[in-house]
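Colleague: For the record, the sequence lines run as chains A, B and C. Numbering of the first sequence is given in the working numbering, commencing with residue 1 and proceeding in unit increments. Numbering of the second sequence is given in the working numbering, commencing with residue 1 and proceeding in unit increments. Numbering of the third sequence is given in the working numbering, commencing with residue 1 and proceeding in unit increments.
Hints should not be assumed to be uniformly reliable.
Okay, the calculated bits of chain C under chain B, using three or more residues with CB under 8 Å as the criterion [said to hold, decoys possible]:
| no. | region |
| --- | --- |
| 1 | 8-17 |
| 2 | 31-43 |
| 3 | 50-58 |
| 4 | 63-74 |
| 5 | 79-89 |
Hints listed in this document are in silico derivations from the structure and should not be mistaken for laboratory results. All C-beta atoms, glycine included, are put in the ideal place defined by N, C-alpha and C.
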Amino acid sequence: MSVSTASTLVILVMLFPLIGAALNGLLGPVLGRRFVNIAGTVSILAAFVVSCFVLAQVVGAPAGHASITIRLWDWISLGSGTNLSVGMDFTLDALSALMLMVITGVGFLIHVYSVGYMDHDPGFARFFSYMNFFIFSMLALVLAADLLILIIGWALVALSSYLLIGFWYDRPSAVLAARKAFIMQVIGDVALVIAAFLIVLHTHTLSLPNIFARTAAFPAGGLLVTGVCVLLAIGAFAKSAQFPLHTWLPDAMEGPTPVSALIHAATMVTAGVYLIARFHVLFNLAPVAEGMVACVGMGTAVMAGIIALSQIDIKRVIAYSTMSQIGLMIYAVGIGAYSAGMFHLAMHAVFKALLFMAAGNVIHSLNDEQDIRLMGGLHSRMKWTHLAFGAGSLALAGFFLFSGWFSKEDLLGFGTVSGPGAAPWILYAVGVGVNVLTGLYAFRLYFTVFQGEPQTARGFGVKEVGKAMLIPVVILGVLAVVVAWPLQFPLPNTLHVFSDFLNPVFAGAQSPLFHDPAFGLALIGLVIGTAASLLGIGLAMRLWYEHRPDPALVVSRLPRAIPLLSYNKFYFDEIYDRALVQPLKAVARTARKVVEPDVMDGWVEGLGDLMRGFSLDLRTVQTGLIRDYASIFTVFAVLFVVVWVFIAR
Amino acid sequence: MNVLFAIVIALAAVSALGVVLSRQTIYSALSLVLTVGMLAVLFLLLDAQFLFAVQLIIYAGAVMVLFVFIVALLSPDDEDRPTLDLRAIIGILGVLVVTGLVFVAARNGITYNTNGFHAVAVGSGSNPYHTFSFPPNAVDNAGNVQTVAGQLFTNYILPFEITSMLLLVAAIGAVYLTRRSSE
Amino acid sequence: MLNPNLFPYLLGLAAFLFTVGAMGVLIRRNPIVVFMCIELMLNAANLALVAYGRFLNSEEGQIFAFMVIVVAAAEVVVGLALITQIFRLGRELDVDDLSEMKE
Numbered sequence: 001m002s003v004s005t006a007s008t009l010v011i012l013v014m015l016f017p018l019i020g021a022a023l024n025g026l027l028g029p030v031l032g033r034r035f036v037n038i039a040g041t042v043s044i045l046a047a048f049v050v051s052c053f054v055l056a057q058v059v060g061a062p063a064g065h066a067s068i069t070i071r072l073w074d075w076i077s078l079g080s081g082t083n084l085s086v087g088m089d090f091t092l093d094a095l096s097a098l099m100l101m102v103i104t105g106v107g108f109l110i111h112v113y114s115v116g117y118m119d120h121d122p123g124f125a126r127f128f129s130y131m132n133f134f135i136f137s138m139l140a141l142v143l144a145a146d147l148l149i150l151i152i153g154w155a156l157v158a159l160s161s162y163l164l165i166g167f168w169y170d171r172p173s174a175v176l177a178a179r180k181a182f183i184m185q186v187i188g189d190v191a192l193v194i195a196a197f198l199i200v201l202h203t204h205t206l207s208l209p210n211i212f213a214r215t216a217a218f219p220a221g222g223l224l225v226t227g228v229c230v231l232l233a234i235g236a237f238a239k240s241a242q243f244p245l246h247t248w249l250p251d252a253m254e255g256p257t258p259v260s261a262l263i264h265a266a267t268m269v270t271a272g273v274y275l276i277a278r279f280h281v282l283f284n285l286a287p288v289a290e291g292m293v294a295c296v297g298m299g300t301a302v303m304a305g306i307i308a309l310s311q312i313d314i315k316r317v318i319a320y321s322t323m324s325q326i327g328l329m330i331y332a333v334g335i336g337a338y339s340a341g342m343f344h345l346a347m348h349a350v351f352k353a354l355l356f357m358a359a360g361n362v363i364h365s366l367n368d369e370q371d372i373r374l375m376g377g378l379h380s381r382m383k384w385t386h387l388a389f390g391a392g393s394l395a396l397a398g399f400f401l402f403s404g405w406f407s408k409e410d411l412l413g414f415g416t417v418s419g420p421g422a423a424p425w426i427l428y429a430v431g432v433g434v435n436v437l438t439g440l441y442a443f444r445l446y447f448t449v450f451q452g453e454p455q456t457a458r459g460f461g462v463k464e465v466g467k468a469m470l471i472p473v474v475i476l477g478v479l480a481v482v483v484a485w486p487l488q489f490p491l492p493n494t495l496h497v498f499s500d501f502l503n504p505v506f507a508g509a510q511s512p513l514f515h516d517p518a519f520g521l522a523l524i525g526l527v528i529g530t531a532a533s534l535l536g537i538g539l540a541m542r543l544w545y546e547h548r549p550d551p552a553l554v555v556s557r558l559p560r561a562i563p564l565l566s567y568n569k570f571y572f573d574e575i576y577d578r579a580l581v582q583p584l585k586a587v588a589r590t591a592r593k594v595v596e597p598d599v600m601d602g603w604v605e606g607l608g609d610l611m612r613g614f615s616l617d618l619r620t621v622q623t624g625l626i627r628d629y630a631s632i633f634t635v636f637a638v639l640f641v642v643v644w645v646f647i648a649r
Numbered sequence: 001m002n003v004l005f006a007i008v009i010a011l012a013a014v015s016a017l018g019v020v021l022s023r024q025t026i027y028s029a030l031s032l033v034l035t036v037g038m039l040a041v042l043f044l045l046l047d048a049q050f051l052f053a054v055q056l057i058i059y060a061g062a063v064m065v066l067f068v069f070i071v072a073l074l075s076p077d078d079e080d081r082p083t084l085d086l087r088a089i090i091g092i093l094g095v096l097v098v099t100g101l102v103f104v105a106a107r108n109g110i111t112y113n114t115n116g117f118h119a120v121a122v123g124s125g126s127n128p129y130h131t132f133s134f135p136p137n138a139v140d141n142a143g144n145v146q147t148v149a150g151q152l153f154t155n156y157i158l159p160f161e162i163t164s165m166l167l168l169v170a171a172i173g174a175v176y177l178t179r180r181s182s183e
Numbered sequence: 001m002l003n004p005n006l007f008p009y010l011l012g013l014a015a016f017l018f019t020v021g022a023m024g025v026l027i028r029r030n031p032i033v034v035f036m037c038i039e040l041m042l043n044a045a046n047l048a049l050v051a052y053g054r055f056l057n058s059e060e061g062q063i064f065a066f067m068v069i070v071v072a073a074a075e076v077v078v079g080l081a082l083i084t085q086i087f088r089l090g091r092e093l094d095v096d097d098l099s100e101m102k103e
């Protein structure tokens with residue numbers, strides 16, 4: 001792939017969504033719904049087509065030439081000494097091509113879906129403008145070959161997310177949720193920026209290829225590289241809603257459902273996984289940070305899975321399942337199984353977008369009802385949605401031969417051996433537990449919503465949604481079943497098209513934690529994992545097939561503490577409130593009551609009084625008579641000359 | 001030549017006093033016309049032919065006519081007789097002292113350079129007036145319209161343009177100030 | 001032929017005109033006369049500029065004098081417009097009477 005081809009592709013793929021955003025934002029309200037629908041979707045379709053070209057270029061490139069970094073133009077050039085130069089650098093390689101396909105492909109389907117979903121919303125132009133802008137920002141993030149550009153993309157997706165969560169700005173809850181999401185992500189941004197400072201301090205460059213080429217500046221396992229990686233990981237955790245920065249994601253469901261599907265399931269929240277995969281060279285030098293990442297990922301996976309069991313809002317259940325699945329991805333990149341993590345990212349993008357959009361169909365048909373206790377019996381009334389949702393749930397639960405099965409078992413297979421001592425076994429055991437949990441919560445949702453009998457009068461009369469909302473769901477439903485088949489089989493030395501594709505990116509350096517499992521071990525792991533998923537699904541069927549009246553709590557026989565913790569999301573919001581918000585408010589109150597009136601106002605007003613006294617005295621000089629002014633002026637002019645000529649010399 | 005200078009300088013000084021001391025405003029204005037005219041003559045003697053013309057046309061012509069016109073239009077009272085109060089005495093003293101000081105300083109070659117003021121003996125080597133050269137073509141060139149215009153439209157084009165803007169602003173301002181407020 | 005010894009007299013005249021003008025500004029109450037005195041001061045400055053230019057063999061003095069004339073013309077236009085406006089308002093033409101600048 002030549003530089004000029006790569007430049008053209010990069011410019012085009014980013015330009016289309018940007019133009020779409022500008023057109024929709026500036027002209028959309030004037031030109032009307034039809035124009036916005038076309039401009040909004042076609043721009044992403046065009047970006048998708050360009051992404052396909054990128055993929056073809058990367059696949060078709062001869063071995064060793066699949067990666068290219070281009071500089072569109074110089075941006076900041078600091079001269080001698082540091083020689084720091086920042087340009088509009090973008091990378092096209094397997095990793096960014098994969099992300100391009102996910103973002104524009106799933107993004108396009110979600111845009112089509114949005115045409116139907118936002119059909120009656122007056123803010124359609126704003127919505128599509130934001131959505132296109134999000135796609136642009138996300139593309140900038142994944143294409144960036146310079147840390148500064150990456151951070152800009154990183155911040156712009158947070159901005160788009162903020163705008164879209166708070167899209168219905170007349171709802172106080174949406175505004176609060178948007179604010180919460182933005183603030184929590186900014187915590188991650190700060191960590192990322194500090195990491196960038198450390199990197200530029202020691203490598204004198206912000207360009208990613210140069211950083212990775214100058215790893216000599218980072219002694220392996222040293223405090224410095226560990227610190228940098230921990231900071232990067234904190235950035236990733238904030239973006240990917242991992243413990244302890246995860247509380248924004250469920251609240252982000254206040255946004256329109258397509259937004260949840262695109263940003264808070266398929267693309268933006270997986271940016272943390274992408275970041276760690278992109279910085280794998282550094283992470284490989286910091287096993288401690290990797291271990292921390294793996295543990296946090298797995299911990300979040302379990303925690304979110306438990307919480308998902310008792311949530312009653314359909315979107316929040318899926319949000320917690322997203323958090324849990326991203327936890328698995330983070331775990332995978334933490335143990336160095338980068339391509340497995342990216343594989344799960346891609347598969348997850350498909351089936352999670354599908355689940356969200358199918359849930360959106362349900363919500364839409366039930367007139368914005370989101371409480372699953374009031375749903376049920378939709379299987380015969382919304383056939384296509386039901387089928388698609390079922391396929392998505394099976395994929396999510398990791399049912400045999402569905403896409404989620406391939407990716408999840410693939411990454412758990414590496415978990416059996418990667419890591420020191422007994423750690424892999426413990427984490428693997430937890431991972432199997434997550435499999436059970438996934439089956440449980442996925443099918444709790446499915447059974448409660450689609451099986452049984454309708455719980456409200458409205459539920460008897462529901463109809464299937466329109467074509468614009470159905471077709472993307474059906475396409476993704478088919479994809480959720482078949483997409484993994486030609487790509488990867490979760491056993492070593494079988495089908496490995498996907499890992500071969502990503503291999504050039506990750507082959508250069510390997511994590512000290514990472515080991516390839518032997519075939520036999522992987523097979524045993526696969527059987528156990530599959531069985532665990534089936535166990536979860538079976539349990540869910542036993543518990544919720546007949547739409548129990550109170551599905552809020554999992555099993556009443558369990559110790560009371562667990563359902564309570566689950567229902568209350570482990571009290572994280574309350575803990576943050578007590579530990580951070582309330583003390584800060586107390587400090588602020590004290591400042592307002594004591595510091596502000598006595599200390600600050602004291603000297604400010606004292607100064608003001610002093611000045612006022614002075615000016616009252618000086619005011620008498622102002623007679624308003626021109627001749628007095630002229631006299632004073634003359635006297636001082638003469639004085640000036642005298643001083644200047646005779647005294648100052 | 002020197003006699004001419006003496007007459008012109010004396011007339012200029014006397015008419016300047018007339019501006020300040022005249023009881024009637026119209027006399028002040030006419031005295032100022034004389035002062036301005038005398039200065040025009042001095043400009044001519046100093047080889048500044050262009051400025052001589054400008055001084056006559058703009059000052060003696062336009063500005064002074066404007067003054068006389070305003071005086072005639074408004075016919076202000078002639079009660080404003082200068083009184084010999086403290087302010088006037090200080091003023092007279094100031095006039096005498098400053099004029100004397102400047103004259104003596106110029107006479108003795110007290111000059112300012114980057115090291116500050118210092119006095120040099122008349123006729124000494126470092127006396128700047130001593131080394132004045134008066135090339136024969138100075139009369140042709142120095143005050144020549146071409147020379148001034150050459151400077152004005154090359155090195156000083158920006159100040160020149162700015163002054164033209166200033167004139168425009170002044171014209172608009174005057175129109176605005178003197179308009180009758182519309183009911 | 002110009003005599004270098006004339007220079008002190010020209011400079012002295014400029015100083016005289018300037019100080020007389022300044023004194024006029026200070027002691028006269030009629031705004032029209034005050035304006036004339038200001039013209040006097042500007043003319044004094046012009047004379048100094050031209051004289052220096054002549055005796056230093058430079059035409060820049062004339063350039064600046066030219067600029068001063070333009071500025072003076074502009075100032076007179078605005079000043080006299082102000083005076084007519086004051087007169088039209090029926091006020092007495094006396095600078096001591098115009099003390100609104102205090103407010």
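Colleague: Look at each hint and say if it fits the structure.
Modeller: Against the structure, the hints come out as follows:
For the region 8-17 of chain C, the stated coverage by chain B is satisfied: 10 residues place a CB nearer than 8 Å to a CB of that chain, which reaches the threshold of 3. As drawn, the region 31-43 of chain C meets chain B at 8 residues by the rule of a beta-carbon pair under 8 Å; at three or more, the given contact holds. Only residues whose beta carbon comes within less than 8 Å of a beta carbon in chain B count, and the region 50-58 of chain C has 7; three or more means the coverage holds. Here the region 63-74 of chain C counts 10 residues with a CB under 8 Å from a CB of chain B, which clears the bar of 3, and the coverage holds.
Counting residues of the region 79-89 of chain C whose beta carbon lies closer than 8 Å to any beta carbon of chain B gives 7, which meets the minimum of three for the stated coverage.
Going down the numbered hints, you'll see the structure goes against none, and every one checks out.
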